[in-house]
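Trainee: Produce the entire structure from the sequences given, and follow the hints as far as they go.
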Amino acid sequence: MRVIVLGSGAGGGVPQWNSGAPACRLARAGDPTSPPRTQTGLAVSDGTHWFLLNTSPDLRQQLAAQPALHPPE
Numbered sequence: 001m002r003v004i005v006l007g008s009g010a011g012g013g014v015p016q017w018n019s020g021a022p023a024c025r026l027a028r029a030g031d032p033t034s035p036p037r038t039q040t041g042l043a044v045s046d047g048t049h050w051f052l053l054n055t056s057p058d059l060r061q062q063l064a065a066q067p068a069l070h071p072p073e
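Taking the numbering used here, the leading residue of the sequence shown gets 1, the next gets one more, and so forth.
It is worth saying that the hints were derived from the structure and are not from the lab. The beta carbon of each residue, even a glycine, is placed where N, CA and C say it ideally should be. Be a bit skeptical, because a hint or two may be false.
Simulated restraints, written as ranges between beta carbons of each label pair [stated by the list, open to error]:
1. L69 x P22: 25 to 33 Å
2. T48 x P22: 37 to 45 Å
3. W17 x A68: 26 to 34 Å
Mentor: If you want it as structure tokens, here you go:
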């Protein structure tokens, strides 16, 4: 079994548009200790098929960032 974390940010990802929390401020500033994160989601494979769990509006960006999930050539 293979699991890929597609995103690990809260409902709107990180930084939240309406938050002045330290992690959000650091992410907006480009600080490498607090990189921007997309909304939560997982991809799980049984070795043959991929299953997407908890997909969000960030799915296109998340799939584009994971070569393992691209169509075979």
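Trainee: Indicate, hint by hint, whether the structure satisfies it.
Mentor: Hints and how they fare:
1. L69 x P22: 25 to 33 Å: 32 Å Cβ-Cβ, so the 25 to 33 Å window holds.
2. T48 x P22: 37 to 45 Å: With Cβ atoms ~43 Å apart, the hint holds.
3. W17 x A68: 26 to 34 Å: At roughly 30 Å between Cβ atoms, A68 and W17 fall inside 26 to 34 Å, so the hint holds.
In this structure, none of the earlier numbered hints is contradicted; all agree with it.
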